[in-house]
Amino acid sequence: MPFVRIDVFNATPVEDRKAIADAVYEAMRETISIPEGDRFIIVSAHDKDAMFVDPHFQGMNRTERYVAIEIRLNQGRTPEMKQALYKRVAERVHEAVGIATDDVMILLTECAQVDWSFGKGEAQFILHPPAWVK
Amino acid sequence: MPFVRIDVFNATPVEDRKAIADAVYEAMRETISIPEGDRFIIVSAHDKDAMFVDPHFQGMNRTERYVAIEIRLNQGRTPEMKQALYKRVAERVHEAVGIATDDVMILLTECAQVDWSFGKGEAQFILHPPAWVK
Amino acid sequence: MPFVRIDVFNATPVEDRKAIADAVYEAMRETISIPEGDRFIIVSAHDKDAMFVDPHFQGMNRTERYVAIEIRLNQGRTPEMKQALYKRVAERVHEAVGIATDDVMILLTECAQVDWSFGKGEAQFILHPPAWVK
Numbered sequence: 517m518p519f520v521r522i523d524v525f526n527a528t529p530v531e532d533r534k535a536i537a538d539a540v541y542e543a544m545r546e547t548i549s550i551p552e553g554d555r556f557i558i559v560s561a562h563d564k565d566a567m568f569v570d571p572h573f574q575g576m577n578r579t580e581r582y583v584a585i586e587i588r589l590n591q592g593r594t595p596e597m598k599q600a601l602y603k604r605v606a607e608r609v610h611e612a613v614g615i616a617t618d619d620v621m622i623l624l625t626e627c628a629q630v631d632w633s634f635g636k637g638e639a640q641f642i643l644h645p646p647a648w649v650k
Numbered sequence: 517m518p519f520v521r522i523d524v525f526n527a528t529p530v531e532d533r534k535a536i537a538d539a540v541y542e543a544m545r546e547t548i549s550i551p552e553g554d555r556f557i558i559v560s561a562h563d564k565d566a567m568f569v570d571p572h573f574q575g576m577n578r579t580e581r582y583v584a585i586e587i588r589l590n591q592g593r594t595p596e597m598k599q600a601l602y603k604r605v606a607e608r609v610h611e612a613v614g615i616a617t618d619d620v621m622i623l624l625t626e627c628a629q630v631d632w633s634f635g636k637g638e639a640q641f642i643l644h645p646p647a648w649v650k
Numbered sequence: 517m518p519f520v521r522i523d524v525f526n527a528t529p530v531e532d533r534k535a536i537a538d539a540v541y542e543a544m545r546e547t548i549s550i551p552e553g554d555r556f557i558i559v560s561a562h563d564k565d566a567m568f569v570d571p572h573f574q575g576m577n578r579t580e581r582y583v584a585i586e587i588r589l590n591q592g593r594t595p596e597m598k599q600a601l602y603k604r605v606a607e608r609v610h611e612a613v614g615i616a617t618d619d620v621m622i623l624l625t626e627c628a629q630v631d632w633s634f635g636k637g638e639a640q641f642i643l644h645p646p647a648w649v650k
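Protein chains in written order, with this note's numbering: chain A, 517 to 650; chain H, 517 to 650; chain G, 517 to 650.
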């Protein structure tokens, strides 16, 4: 259900990009009840003069290892679930590749169940709502 | 009104990318009442190690021809219109470039009429609502 | 609070891309009450055969200097604030790099305060709502 866009700087090694994607997927599995295999993640890398990131906004110490993680998901998660997600994503990204949690920014965008088609031109959540749909 | 982002793998030929964009535009014309010329579509291509796609989630058989189509549009389309859109996009993409409908993923994000400026620093849908605005 | 994606054609000089990002940030400061340092902006450049833009939709005269500016921000701005934002972004982009306001397209996407984590795995707007949060 989630569709994830991750943005990093070019300096981020390719193997770290995959590890970050894996970390996000595992954190979503642990905190917001997504099913196994629900893994659609695009990682884009940018030059230093193409991604502008304030180093200190909201009291952080951001570096060239900054990661922006934009997660599009079905509406209905509680604030508590979202907060658990943020915590676990930051922890797992840090554990996986050593990026400080100050460098992990996360954005959620909610949509409705009818707003997805996973293939075959069908709206799967409308035609055959799975038990785990929130 | 729609603003479309299409993501494909690098292996997708450039001429196919344009054909996919055309297919999406024509399908929107047919199913969700967008006016002629309302065509703003960005196609981004990714390395295999930058776009992670589950091959079988929701019963599909996804390949390196996978296409993610993110459509941002005004709120108000009915579930039936959205389902007609999914069907027609998948059909047209398949007809245009032979991509299997299993490989066509579609995501909608809704916004309000006041959330667009098409130029001149104005909110066209607020200042001069056209008859076709939903 | 805003997270901004800017899309331009490859022909746009790199120094203009930064100037456009600065223009958008300053316009947001002037019209929608964002705090100093709230500056997270990604600029992506595209080939002519990867970004499809109607030249005349809604009465504009769009060129290869077209800029799409997608701003994700907290919900709650009034239509008047949004209209002021569009006007000021178009003016500032024009002043900064000479791009005609016909070429400046702006899209807003709203989210809730709980939908952001600026780092440390925390939802800052929930834990410590700053005075300026709308």
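If you are wondering where the hints come from, they were derived from the structure by calculation, not from laboratory data. Treat the hints with care, as some may be off.
Pairs of lysine-lysine residues, derived as DSS-like cross-links and limited to a Cα-Cα distance of at most 27 Å, are as follows [said to hold, decoys possible]:
#, chain 1, residue 1, chain 2, residue 2
1, G, LYS603, A, LYS534
2, H, LYS636, G, LYS636
3, H, LYS534, G, LYS564
4, A, LYS603, G, LYS603
5, A, LYS603, G, LYS534
6, G, LYS636, G, LYS564
7, A, LYS636, H, LYS636
8, A, LYS603, A, LYS636
9, A, LYS534, H, LYS564
10, A, LYS636, H, LYS534
Tested hints:
The suggested pairing of LYS603/G with LYS534/A is violated, with an alpha-carbon distance near 41 Å, which exceeds 27 Å. Proposed proximity of LYS636/H and LYS636/G is contradicted: the alpha carbons are some 40 Å apart, above 27 Å. Of the supplied pair hints, the one linking LYS534/H and LYS564/G holds, its CA atoms being roughly 11 Å apart against a limit of 27 Å. Of the supplied pair hints, the one linking LYS603/A and LYS603/G is violated, its CA atoms being roughly 38 Å apart against a limit of 27 Å.
A C-alpha spacing of about 32 Å is found between LYS603/A and LYS534/G, which places the hinted pair above 27 Å, so the restraint is violated. As the CA atoms of LYS636/G and LYS564/G are separated by approximately 39 Å, the hinted pair breaks the 27 Å bound. Taking the CA atoms of LYS636/A and LYS636/H, the gap is about 40 Å. The hint is violated against a cut of 27 Å. For the proposed pair LYS603/A and LYS636/A, the alpha carbon gap of about 35 Å is over 27 Å, so the pair is violated.
Distance restraint check for LYS534/A and LYS564/H: the Cα-Cα separation of roughly 11 Å lies within the 27 Å cut-off, and the hinted pair is therefore satisfied. At most 27 Å may separate the alpha-carbon atoms for a hinted pair to count; LYS636/A and LYS534/H meet this at roughly 21 Å.
The structure does not agree with the numbered hints 1, 2, 4, 5, 6, 7 and 8 stated previously, though it agrees with the rest.
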